[in-house]
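Engineer: Residues per chain, in single letters:
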Amino acid sequence: MQANYTVNGAVAVIVLTGRFDFNSHRVFREIIDKAIAESVVRKLTLDFHGVDYIDSSALGMLMLLKEKADAASKQVALANCSGTARQVLDIANFSKLFTME
Amino acid sequence: MQISHVPMTILVVDDDRMIRMLLRRFLESCEHRVVEASSGEEAIACLAEANPDIVLMDMVMPGMDGIETAREIKRIRDERWIPVIFLTALDNEADLVAALSGGGDDYLTKPVNFPILRAKLSAFERSVSLNKRVHEQSAELARYQDRSREELRVAKHLMGRIVNGDKLADPFLSYWTSAAEYLSGDLLAAARTPGDVLYVMLADGVGHGLTASLNVLPVTQPFYTMTAKGFSIVEIAREINSKVRQLLPRDRFISAVLVSVDMITNRLEVWNGGIPKVYVLNQQGKVLQEFSSKHLPLGILSESMFDSKVEAMSITEDIRVLMYSDGLVEAEGEGNMLYGQERLLTAFASAQSGQETTAIQDSIVDHLQGRAHHDDISLVVLNCQREVADRMHLQSQYTDEYAAEKSVAGWTFSLELGASELKRVNAIPLLIHVLDQMEITRRQRSEIFLILTELFANALDHGLLQLDSALKESAGGMDDYFDERADRLYAMQEGRICLDLAVKHEGGQPYLQIDVRDSGPGFDVSQQPSANVLQDVKHSGKGIALVRSLCQQVTFHPPGNHVTAAYALRRKPALTVAA
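Quick mapping for you: the protein sequence lines, in order, are chains A and B.
According to this note's numbering, the residues represented by the first sequence are -8 to 92, in order.
According to this note's numbering, the residues represented by the second sequence are 852 to 1430, in order.
These are computed hints drawn from the structure, not numbers from a lab.
Cross-link-like lysine-lysine pairs, in silico, DSSO-like; alpha carbons within 27 Å at most: (1) 1145(B) - 59(A); (2) 87(A) - 1274(B); (3) 1094(B) - 87(A); (4) 57(A) - 1145(B); (5) 1094(B) - 57(A); (6) 87(A) - 1128(B); (7) 59(A) - 1094(B).
It should be emphasised that the depicted structure is a prediction, and the values quoted were computed from it without experimental measurement.
Make the full structure from the sequences, and use the hints.
Structural biologist: Printed below as a string of structure tokens:
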């Protein structure tokens, strides 16, 4: 998986591309740590448009992100989830934890 | 500039004692350790003990010559590189080529030029130490591999013991599991409550392999102990949720579905947090109901946020319940094509009753065409047949013993619960614990459990919460009823339920007297149904009809907030079976 982010006002948009699974651990952790550390950022939006697959490890990483964001009083939203990614998030009922955009 | 100097052990092989001495003196001055050999044979012989990092060797020696010796050294030490530098008086090119292609790594002409020797040695020094490290690391890796293989073997054995107990041998249950790695992160557990209700849990931990497998361990123990005590599936899910949250790191949670099948009250309940849809089909293969995941997986929410809503349906015919982990539908066949729900349901529906797991297994093997699947696969089928349930019940009565003889010294037990306890505590498992102190048979235990459950539910739902059974018949059915029940229980400010158990005798016959009182306003006792409507499929009043069928006497005392039930502790089995 590849990850890039741009800061737009108070929102950091993190664009993910490819398979979001166990092997994405390092990439994901590095990018969210950087984005959370940006002091102007109040909210992180993960753009799932380019994600074609996610597994349960990815859900675990989202939990870690939420924990870190909560600790820094920042919000997290998941955007453009579709296909398999959407299904996996729905089965786990993650819409109860994250804002879906 | 000198790179960090690593002292090496150098084997000097020469038949000329003077040359050996000269080399020793020089090499020792460079802080290397020196081992001498006067012939090829001697060099081979001392190789293991000396364990040199570099060999300096004369090419021309009596006996084994340099090239022969070098070949032998390389053969013996094949897994670890050992450079051989030839010392030679030869200066013709052909011989040098033979020396280098015959196992030598470099050469020096005699008489030895010491500055050049020093330069060559320091060039080898780095490769030697690098090589040494690679060798040590690969040995370490091999040791680690052995160790982890051994740990996995033990873990697999243990996991097999802990996870898939003999309890999975339930007449309703068939299953198939296949791990993506050596160990599965899926877990399957099944057991029956004291009231003979079948509970089945399918849990799927984050990831797969050993860590996932360890993650699902905290769920087994609460499942089995709480099922044995008769807690509800929601209470079990709640307990597991707290346990997982307490024990596992934040990114490790557990998707799980718990299903309860009660063939006495004909009720199926499902709590699904993160597992794909559970399907309920009839014997003809028609889907009667789907239970999709309504909750977050276990271990994410705090206890106060935990959502304890169950979904339910009435069992009105012989049903088959299909549960599976996502690894099943996500198994990739040719062209990364997923197996999918459609293939699964087709395979299921076209299978003969009782052959479902085998049929699905065949269909997925056919789909994979020899490919490996990447996630753990679990498949569970519950074939809930009235005839099987009745036969089990009959067997338990047939093997029933007249244990009551010893049990019955007169005793009493009382329990009173106020509003806040009623919100938190399930009283029935507590009472079952008390009953376990009596010597009663398994069947009696299960019947008393049922009576207590029904009378308690009656007192709480209708006595205190004033719920109307007619709600169960409404469009939303059981769901509406349970939503309303949860709301009212939450809002309840005051209310009390007293339970009394006493063993009494009448005409030498011992019986258990159960009294349940509630602080509600009561109801018109003449409206209660009698035992003969047991076969009625309507929900209303069915619980009480069931209690009547099990007890020798059930009396509602006006104004309807007090009921007394008498359960015979010694009696002949209701059904006699010809030998």
